[in-house]
Amino acid sequence: MTVLTWTRRSVLAASAAFGLSLGLSAPTLAQTPPGVLIVGQIAEPKALDPAAVTAVNDFRILMNVYDGLVRYKDGTLEVEPALATAWEISEDGTVYTFSLREGVTFHDGSAFDAAAVKFNFDRMLKEDHPYHDTGPFPLAFFFSAVQEVTVIDPLTVQFTLDAPYAPFLSNLAYPTGLIVSPAAVEQHGAEFGRNPSGTGPFTFAEWRSNEAVVIEANPDYWDGAPASQAVVFRPISDANTRTAEMLAGGIDLMVEVPPVALSEFAGDAYTLHEQAGPHVWFLILNAKEGPFADVRVRQAANYAINKSAIVNDVLEGTAAVAAGPTPPAFAWAYNESLEPYPYDPEKAKALIAEAGAEGAELTFYVTEGGSGMLDPVAMGTAIQADLKAVGFEVTIETYEWNTFLGEVNPGLEGKADMAQMAWMTNDPDTLPYLALRTEAWPENGGFNSGYYSNPEVDKLLEDARSATDQAERAALYQEMQTIVQEDAPWVFVANWKQNAVTSDRVESFALQPSFFLLLKDVVKN
Amino acid sequence: MAGYILKRLLSAIPVLLGITVIVFAIMALIPGDPATAILGSFATPENVEKLNRDLGLDKPLVAQYFIWLGNMLQGDFGQSFALNRPVIDELLERFGATLILAGTAFVLCSLFGVMAGVVSAARQYGFADKAITFVVLLGISIPSFFLGMMMILTFAVSLRWFPVSGMWPIYGARDLGALISHLTMPALALAVVATGVIARLSRSAMLEVLRQDFIRTARAKGVPERRVIWRHALRAAMVSIIPVLGIQAGFVLSGAVYVEIVFQWPGVGRMLVDAILKRDILLVQGGVVFVAACYVMFNIAVDVAQSLLDPRIKT
Numbered sequence: 036m037t038v039l040t041w042t043r044r045s046v047l048a049a050s051a052a053f054g055l056s057l058g059l060s061a062p063t064l065a066q067t068p069p070g071v072l073i074v075g076q077i078a079e080p081k082a083l084d085p086a087a088v089t090a091v092n093d094f095r096i097l098m099n100v101y102d103g104l105v106r107y108k109d110g111t112l113e114v115e116p117a118l119a120t121a122w123e124i125s126e127d128g129t130v131y132t133f134s135l136r137e138g139v140t141f142h143d144g145s146a147f148d149a150a151a152v153k154f155n156f157d158r159m160l161k162e163d164h165p166y167h168d169t170g171p172f173p174l175a176f177f178f179s180a181v182q183e184v185t186v187i188d189p190l191t192v193q194f195t196l197d198a199p200y201a202p203f204l205s206n207l208a209y210p211t212g213l214i215v216s217p218a219a220v221e222q223h224g225a226e227f228g229r230n231p232s233g234t235g236p237f238t239f240a241e242w243r244s245n246e247a248v249v250i251e252a253n254p255d256y257w258d259g260a261p262a263s264q265a266v267v268f269r270p271i272s273d274a275n276t277r278t279a280e281m282l283a284g285g286i287d288l289m290v291e292v293p294p295v296a297l298s299e300f301a302g303d304a305y306t307l308h309e310q311a312g313p314h315v316w317f318l319i320l321n322a323k324e325g326p327f328a329d330v331r332v333r334q335a336a337n338y339a340i341n342k343s344a345i346v347n348d349v350l351e352g353t354a355a356v357a358a359g360p361t362p363p364a365f366a367w368a369y370n371e372s373l374e375p376y377p378y379d380p381e382k383a384k385a386l387i388a389e390a391g392a393e394g395a396e397l398t399f400y401v402t403e404g405g406s407g408m409l410d411p412v413a414m415g416t417a418i419q420a421d422l423k424a425v426g427f428e429v430t431i432e433t434y435e436w437n438t439f440l441g442e443v444n445p446g447l448e449g450k451a452d453m454a455q456m457a458w459m460t461n462d463p464d465t466l467p468y469l470a471l472r473t474e475a476w477p478e479n480g481g482f483n484s485g486y487y488s489n490p491e492v493d494k495l496l497e498d499a500r501s502a503t504d505q506a507e508r509a510a511l512y513q514e515m516q517t518i519v520q521e522d523a524p525w526v527f528v529a530n531w532k533q534n535a536v537t538s539d540r541v542e543s544f545a546l547q548p549s550f551f552l553l554l555k556d557v558v559k560n
Numbered sequence: 003m004a005g006y007i008l009k010r011l012l013s014a015i016p017v018l019l020g021i022t023v024i025v026f027a028i029m030a031l032i033p034g035d036p037a038t039a040i041l042g043s044f045a046t047p048e049n050v051e052k053l054n055r056d057l058g059l060d061k062p063l064v065a066q067y068f069i070w071l072g073n074m075l076q077g078d079f080g081q082s083f084a085l086n087r088p089v090i091d092e093l094l095e096r097f098g099a100t101l102i103l104a105g106t107a108f109v110l111c112s113l114f115g116v117m118a119g120v121v122s123a124a125r126q127y128g129f130a131d132k133a134i135t136f137v138v139l140l141g142i143s144i145p146s147f148f149l150g151m152m153m154i155l156t157f158a159v160s161l162r163w164f165p166v167s168g169m170w171p172i173y174g175a176r177d178l179g180a181l182i183s184h185l186t187m188p189a190l191a192l193a194v195v196a197t198g199v200i201a202r203l204s205r206s207a208m209l210e211v212l213r214q215d216f217i218r219t220a221r222a223k224g225v226p227e228r229r230v231i232w233r234h235a236l237r238a239a240m241v242s243i244i245p246v247l248g249i250q251a252g253f254v255l256s257g258a259v260y261v262e263i264v265f266q267w268p269g270v271g272r273m274l275v276d277a278i279l280k281r282d283i284l285l286v287q288g289g290v291v292f293v294a295a296c297y298v299m300f301n302i303a304v305d306v307a308q309s310l311l312d313p314r315i316k317t
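Quick mapping for you: the protein sequence lines, in order, are chains A and B. Here the numbering used here is used: position 110 in the first sequence is 145, and no number is missing along the way. Here the numbering used here is used: position 162 in the second sequence is 164, and no number is missing along the way.
These are computed hints drawn from the structure, not numbers from a lab. Warning: the hint list may mix true and false statements.
Capping the alpha-carbon separation at 25 Å, the derived lysine-lysine pairs in BS3-like fashion look like this [stated by the list, open to error]:
(1) B/Lys52 <-> A/Lys153
(2) A/Lys450 <-> A/Lys423
(3) A/Lys532 <-> A/Lys555
(4) A/Lys323 <-> A/Lys423
(5) B/Lys61 <-> A/Lys161
(6) A/Lys161 <-> B/Lys52
All chains should be built: construct the whole structure from the sequences, respecting the hints.
The following block contains the structure:
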């Protein structure tokens, strides 16, 4: 009996201790404070140096701390003035002259001027620059066309390119083109990424590793002071935990809501935001060998796969059916007349019979997950079933993301007939130029892993790159989309709609087609 | 005694060297390199080559290994690619968080496990024994990550007694109360399985001791039952319980990986998972070596404790 008595007492003591800990913890569970927006991020940022990072997760913070020379107009992917108020492009498309905004200062107090712009690009591009060793700068090749940056006067800066390169302006609007404070780089050196200073609507306040990055309103911002006092970015890498934090009131804004969790946020207490972005999810088909060397079989695959079922059932409506290689988010360059390949298994079978490819055995590379890949295993299984229905025996080989890239990027020849892939870009030039030209076959260092080749497409893409007039470029891209859709080097599957959830205490929030998170005008009550 | 400890410490050196070779070889052999992981879609052979050069990964593997080992012996674990800060800073910060979590869980599971085992043994086949055995079986069978998710749904989302995740409040004081409220759920989720294992093994260890002559003698002398059990029997049983605790400490440390992910605890387990996915080679290597060294040291401590408790074990 003595043993049990002792235990009962210990149980009492334990419950008392438990109750005490609850009492102690009560204040920490208060609601998040008004005026402070708490954002649930998907990972810890690498650095807050725009020249050094590559992840969308980091861009979400950077776009609120820095400005570029140009930026995307609200709700579009067209550039408008930011730190540059105007620009001129020379006749031959190789010299860009920017007039800079007057009276702008960096958060550290130093002045923004032409010398600062030159410092930024020289630091990234010139190996002999004294601060080039604050890198590496993995996306510096966005500006590899830049030969020289020249200071004309304190408020005028000139970029000389080695050849006409039309995507230059939209690359400047990309986070890699954001302007950092030279004084802060000189002061902090390689530690600049943890001590950032820009000209943006928010100033950097604090970075607590693996806990939070805090930024505070910049009341002197040239484009008007932000509506909130501060924003806190919390890294919560597990999607279920992120959802639970949103439901428990620990965060006010959550990005990348998993499709299965959407129903949790159906009530009035939450607003679900959706925005299609410059993303395309496709299957690379091996056009060099095997059944997909025949264009009819490639078209058949496009007819055989039920894309609406994938988009609506597997992805729960978080994506739209893709029609061609260019996402509709590039509104100015998108060919509105393209209709997606309809789901038509009979037509697919007829085309396969015509090509004599009945019952072919196919190897299909699938990844477990990766940047922009959505739900690749479930999507791969659905695709396998659709292709089986038209008589193909598809064997799936699944790889972890980095391994997958190591298999797919060097080309599918001798290994596979098809592979999943997804791209998110900032200019309609990027993806087709890197992944559809003959010059972009893997052995030439490109991403055309399926060996598609059409001289007409090659020419259109080269011409579009050297045209500086947007309407002229648009026409070239639209023609390219029609040809590529017909040639079907890929199965065009889906365009992802980025999503986010805000609580009812958040107002004036909108997602951008660029997938950037712009928080200047967001109100938190 | 000092000689024994020294001998054990010396024998740890080849073990640790072996670990450095294995972890380096694994990171070198797995497909995918950090440059590809950093560049993602933009990983052209040209870009990858340039970035590898910038990261110092273009040297031969053997040279890379010895550079790494040499630097590490001087206390320099290198720079993390993915986090852009010294590996050692990140490691120490993260290891502190893991120690708080795993340490609390270890104390909880040792305390409750041994207590449950003793009560079970003292009341063999009685109601308390059956109730404890049932609860223990349940505890052993539930995976900690699942238990963690259920705890979050119940106590954080529905009842709002505890915060969902993290180690400190985003706003407000970073005091002991705040830490306890963040620590309670992950520590319990982590402790449950180990508590079950310890309870079962403590029960059988106690039963064996309780059958021995010196217990009968103690009872015959009229020593109170409470004293017989908690003083005489438990002390003798501890000799076989302590190695179990040592092994369970290892399980708690490795189990922390799952719990840290579910509760977003900023510990070394979550760090290693992120680092492996990003091919953050130096952080993975440094982290594994560091954790392995701690594990080896802990095992030595357990052996020493055991030899102190039971002089029959040769020193």
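Hint check results:
1. B/Lys52 <-> A/Lys153: 23 Å, holds
2. A/Lys450 <-> A/Lys423: Holds, at roughly 20 Å.
3. A/Lys532 <-> A/Lys555: 22 Å, holds
4. A/Lys323 <-> A/Lys423: 22 Å, holds
5. B/Lys61 <-> A/Lys161: Holds. B/Lys61 to A/Lys161 sits at ~23 Å (cutoff 25 Å).
6. A/Lys161 <-> B/Lys52: 14 Å, holds
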